[in-house]
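*Asks:* So you can see what is in the structure, the chains are spelled out below.
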Amino acid sequence: MIHSHPDKARAFVADDERAHWHDKALWFVRVKRDRGAATVPEWEALRTAAEGIKAHTLSRLGAYLEEFEAKAAANGIQVHWARDGEEHNRIVHGILERHRVSLLVKSKSMLTEELHLNPYLEARGIEVVDTDLGERIVQLAGEPPSHIVMPAIHRKKEEIGELFHEKLGTPKGLSDPTVLTGKARVHLREKFLSAQAGLTGVNFAIAETGGFVVVTNEGNADMGTTLPRVHVASMGIEKVIPRLADLGVFLRLLARSATGQPVSSYTTHFHAPLPGGELHVVIVDSGRSQMLSEAHRRKALSCIRCGACLNTCPVYRRSGGYSYSYLIPGPIGSVLGPHRDLAGHASLPFASSLCGSCTDVCPVKVDLHHQLLVLRQEAGEEKLIPLGKRLGMKAAAFAMARPGLFRAGGRFARWVLRAAPGLARFGPAAVWLRGRELPEAPRESFADLYDRETAGKPEERS
Amino acid sequence: MGKVGLFIPCYVDQFFPRVGLATLRVLRGLGLEVEYPRDQTCCGQPMYNTGCSREARPLAERFVRLFAGYEAVVAPSASCVSMVKLHYPELLGGTDEVRRLAGRTFDLSEYLVDVVKVTRVEGEYAKKVGLHRSCHGIRELRESSSSERMDAPFDKTRQLVSQLRGIELVELDRPDECCGFGGTFAVTEEAVSCMMGRDRIADHVRAGAEVIAGYDMSCLMHLDGLARRDGTKLPIVHVAEMLEKARLSR
Amino acid sequence: MTARETILAALRASGAEPVPAPPHPVPVKQGDPVARFLESVTAVGGQSYRVPDLAALAAGVAKLPAWSSPRRVSLVAGIPGGTVDLEAVDDPHELADLDVAAIPGELGVAENGAVWLKGESLGPHRAVFVIPEHLVLVVNAADIVNDMQEAYGRITLPRPGYGVFVSGPSKTADIEQSLVIGAHGARSCAVFVVG
Numbered sequence: 011m012i013h014s015h016p017d018k019a020r021a022f023v024a025d026d027e028r029a030h031w032h033d034k035a036l037w038f039v040r041v042k043r044d045r046g047a048a049t050v051p052e053w054e055a056l057r058t059a060a061e062g063i064k065a066h067t068l069s070r071l072g073a074y075l076e077e078f079e080a081k082a083a084a085n086g087i088q089v090h091w092a093r094d095g096e097e098h099n100r101i102v103h104g105i106l107e108r109h110r111v112s113l114l115v116k117s118k119s120m121l122t123e124e125l126h127l128n129p130y131l132e133a134r135g136i137e138v139v140d141t142d143l144g145e146r147i148v149q150l151a152g153e154p155p156s157h158i159v160m161p162a163i164h165r166k167k168e169e170i171g172e173l174f175h176e177k178l179g180t181p182k183g184l185s186d187p188t189v190l191t192g193k194a195r196v197h198l199r200e201k202f203l204s205a206q207a208g209l210t211g212v213n214f215a216i217a218e219t220g221g222f223v224v225v226t227n228e229g230n231a232d233m234g235t236t237l238p239r240v241h242v243a244s245m246g247i248e249k250v251i252p253r254l255a256d257l258g259v260f261l262r263l264l265a266r267s268a269t270g271q272p273v274s275s276y277t278t279h280f281h282a283p284l285p286g287g288e289l290h291v292v293i294v295d296s297g298r299s300q301m302l303s304e305a306h307r308r309k310a311l312s313c314i315r316c317g318a319c320l321n322t323c324p325v326y327r328r329s330g331g332y333s334y335s336y337l338i339p340g341p342i343g344s345v346l347g348p349h350r351d352l353a354g355h356a357s358l359p360f361a362s363s364l365c366g367s368c369t370d371v372c373p374v375k376v377d378l379h380h381q382l383l384v385l386r387q388e389a390g391e392e393k394l395i396p397l398g399k400r401l402g403m404k405a406a407a408f409a410m411a412r413p414g415l416f417r418a419g420g421r422f423a424r425w426v427l428r429a430a431p432g433l434a435r436f437g438p439a440a441v442w443l444r445g446r447e448l449p450e451a452p453r454e455s456f457a458d459l460y461d462r463e464t465a466g467k468p469e470e471r472s
Numbered sequence: 005m006g007k008v009g010l011f012i013p014c015y016v017d018q019f020f021p022r023v024g025l026a027t028l029r030v031l032r033g034l035g036l037e038v039e040y041p042r043d044q045t046c047c048g049q050p051m052y053n054t055g056c057s058r059e060a061r062p063l064a065e066r067f068v069r070l071f072a073g074y075e076a077v078v079a080p081s082a083s084c085v086s087m088v089k090l091h092y093p094e095l096l097g098g099t100d101e102v103r104r105l106a107g108r109t110f111d112l113s114e115y116l117v118d119v120v121k122v123t124r125v126e127g128e129y130a131k132k133v134g135l136h137r138s139c140h141g142i143r144e145l146r147e148s149s150s151s152e153r154m155d156a157p158f159d160k161t162r163q164l165v166s167q168l169r170g171i172e173l174v175e176l177d178r179p180d181e182c183c184g185f186g187g188t189f190a191v192t193e194e195a196v197s198c199m200m201g202r203d204r205i206a207d208h209v210r211a212g213a214e215v216i217a218g219y220d221m222s223c224l225m226h227l228d229g230l231a232r233r234d235g236t237k238l239p240i241v242h243v244a245e246m247l248e249k250a251r252l253s254r
Numbered sequence: 068m069t070a071r072e073t074i075l076a077a078l079r080a081s082g083a084e085p086v087p088a089p090p091h092p093v094p095v096k097q098g099d100p101v102a103r104f105l106e107s108v109t110a111v112g113g114q115s116y117r118v119p120d121l122a123a124l125a126a127g128v129a130k131l132p133a134w135s136s137p138r139r140v141s142l143v144a145g146i147p148g149g150t151v152d153l154e155a156v157d158d159p160h161e162l163a164d165l166d167v168a169a170i171p172g173e174l175g176v177a178e179n180g181a182v183w184l185k186g187e188s189l190g191p192h193r194a195v196f197v198i199p200e201h202l203v204l205v206v207n208a209a210d211i212v213n214d215m216q217e218a219y220g221r222i223t224l225p226r227p228g229y230g231v232f233v234s235g236p237s238k239t240a241d242i243e244q245s246l247v248i249g250a251h252g253a254r255s256c257a258v259f260v261v262g
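Which chain is which? The protein sequence lines are U, E and P, in order.
The numbering of the first sequence is my numbering, which starts it at 11 and goes up by one.
The numbering of the second sequence is my numbering, which starts it at 5 and goes up by one.
The numbering of the third sequence is my numbering, which starts it at 68 and goes up by one.
Extracted from the complex, chain U is given alone in its bound form:
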């Protein structure tokens, strides 16, 4: 295993102050989410409805995509289909080339991260500027996003001030978020005004009306699609929903789950190009139809990318986005990555205590922690579990299938722990003992106490 979550996590945890800072910043978002959700009396019913709408849509996804395509075309939107990243990137590049685009402004799209669009376009001489503040920060730093909603959540404000000083020529020593945001506004406004095309993701595409919705707080998607005449929107096949009215359900859940806001600042509905402009939608598969064809993976396609499962995950908060080998970190990434390529992300299904907080927080009720458990079984079947662990489990299962052996072994182990506690460091408990003590080993097991209790004999104090 080249990339192992435990190793990266250990390194993150080693900086105790920073790890706690990261944990608290994200827990704060979780608390805001709780407050936001609590203002909606029908919250749980909305989650159930959202789950149901997604399940319904996924059960006839082809038909809804065709409906979307037909309606969108009637609205003057040009619809393209791409099997994979290469095809998607080629289509996007073709559109940009035709319009002689030298500068593309992008709003946040995890899909284009997945498809590596930026390097593809940059290699072909197009300047690509991510315009979401967090995305711009990580782009300037040459890093991938460490969170799907707050891409630069791992960066301290002083570090961002330093980065802006280096890359944007701002004065040294800035760290006030308002000042830094103001600098970014000036820098990016110039980009918005000089770009010849804008690219956005798609939060929801509506089959019934042939349009789509993009949600931002900053207004960057709006700046990027109202000034340049060409707008390209990239969407995964799973983004379509049946009806306009379904937005009422999803939008009540999305922002509250993501940040605790009752709705994002801008929820923009695109159903036609700018007058005299062009609007392109690229519908991308990239492994999604494969996931759809396997019933136990299907549900993960319901994700609406709110990031709530990251914010609530006690492991994500304490290990950071870069400890995950898949580009989407946290519980949903630990499900999506291994569903696509288990061998490539074999440590991710195990990067969870299976506490289930992700499942309960998910606005569309993806059963994340159960999916992780299912993926663990697949990893077991495919021998992707470290050998030591596998042999340990085999040995334990062997003993546990033989009560006599279990009881004798237990008695012996407890005797060793009492007689020579130092020996434990050399046994299977070595890792446990790095940061923790073992429980004290009693002389008698429960089975011994049970016999005495049932026979009415007094308990022997050990």
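Heads up, a few of these hints could be off.
Per label pair, the in silico range of CB-to-CB distance [what the hints assert, rightly or not]:
no., chain 1, residue 1, chain 2, residue 2, range
1, E, P157, U, F38, 17 to 25 Å
2, E, K132, U, R435, 53 to 61 Å
3, E, E65, U, A133, 55 to 63 Å
Derived lysine-lysine pairs resembling BS3-like cross-links, with alpha carbons at most 27 Å apart [as the list claims (entries may be wrong)]:
no., chain 1, residue 1, chain 2, residue 2
4, U, K167, U, K34
5, U, K193, U, K166
6, E, K237, U, K34
7, U, K42, U, K375
8, U, K167, U, K42
9, P, K96, U, K42
10, U, K167, U, K193
11, U, K201, U, K177
12, P, K185, U, K81
13, P, K96, U, K375
Because the hints were derived from the structure by calculation, they are not lab data.
Here the structure is a predicted model, which is why all the values come from computation and not from measurement.
We treat Cβ as the ideally placed atom computed from N, Cα and C, and that holds for glycine.
Chains E and P: place on chain U using the hints.
*Replies:* Just chains E and P, lined up with the frame of chain U:
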């Protein structure tokens, strides 16, 4: 009522026999006929959670054989119960026998509240207590509401122990965050696991707890191991031990 | 096969059992929608005002500090004093130094302070709602709905081809979760409820 099969998880049997005994006494104190099938070992959860369903399956099959005849199966461990209740049907296939057993296997608190219908608890436990509700109790067995879900709050364990005279249940900043045990996670992801546990202990200490109470000894074993290593004076107690000397009635 | 055919064939072959579409929950009404809307606008970082009629609206807008800046657009019949005629602007890039725009909203949403702006209300340039430094939105008291589900019951698409919910000013919390108003769009958002 028919016989209750007492399910004492392997590590409780070996390391926390007093918790098993307290559970037995609480149940017998209610006049129930309780039996401990001696051949029980491990429910298979460690193997299953590690992805070794091949190794877990024979243990689950043994468990079903040993416990199929009981009216109810009760354990002082929400986590092991959730293995039987939720995962046996998927591991063994949902045969009638497995489904029946899954439906009749309970953690102590839910058995007392939902089946025996205990409403009154008379006893004493004069301490400031931090209640650590394990994740599997909350989000698998639904023994209490989870902080993520927006439905009406409830807590079966709290319902019982809050009646003890002199008890003060402290309020935590993060009411139901995971302690980081997580079975083999505690070893596989040792660094994060320990940090999670230390954070949990710090929350209890900040809230003024003198003791951490819980219904899953695995979480408590992990927290106790950390507290003792760090020299934090915060003993652990299982809910069964708190209820052992109390009078429970309907 | 084209990409379209390949993808649709894969989806057809996916073997997903048909799942019926569920009903939407019926939202609980929470108090007077207008009062709640005014509160929500404030909560999302905007300023909210209630005025009895168009005369009071004009007076209220005239008093806004933002309205005293030189480059103003008014798309609202009851608000005089615009200085920039959008019809005379060929290219939205020329709006880069626009100070303030007043735009009529179709409806307001009590639960989140959002105002629905439909494409045709934006005049010839969609950018008008996002490019100015300040935004003034106007909505009739009778057009305040309780929640987003009710709002979508009233919105008709695709007739405008374009539409946007604006909830307060532009904002970001991308630096250490500190809320900063005025990321790319308007730095302030005043919402007037008339009636």
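*Asks:* It remains to establish, for every hint, whether it holds in the given structure.
*Replies:* So, going through the hints one by one against the coordinates:
1. P157(E) <-> F38(U): 17 to 25 Å: 22 Å, holds
2. K132(E) <-> R435(U): 53 to 61 Å: 35 Å, violated
3. E65(E) <-> A133(U): 55 to 63 Å: 57 Å, holds
4. K167(U) <-> K34(U): 15 Å, holds
5. K193(U) <-> K166(U): Given pair K193(U), K166(U) holds - Cα atoms ~17 Å apart, limit 27 Å.
6. K237(E) <-> K34(U): 25 Å, holds
7. K42(U) <-> K375(U): Judged against 27 Å, a Cα distance of about 19 Å means the pair holds.
8. K167(U) <-> K42(U): Distance of about 21 Å is within 27 Å: holds.
9. K96(P) <-> K42(U): 23 Å, holds
10. K167(U) <-> K193(U): 13 Å, holds
11. K201(U) <-> K177(U): The hint holds at about 15 Å.
12. K185(P) <-> K81(U): Between K185(P) and K81(U) the Cα gap is close to 19 Å, so the pair holds against 27 Å.
13. K96(P) <-> K375(U): Given pair K96(P), K375(U) holds - Cα atoms ~25 Å apart, limit 27 Å.
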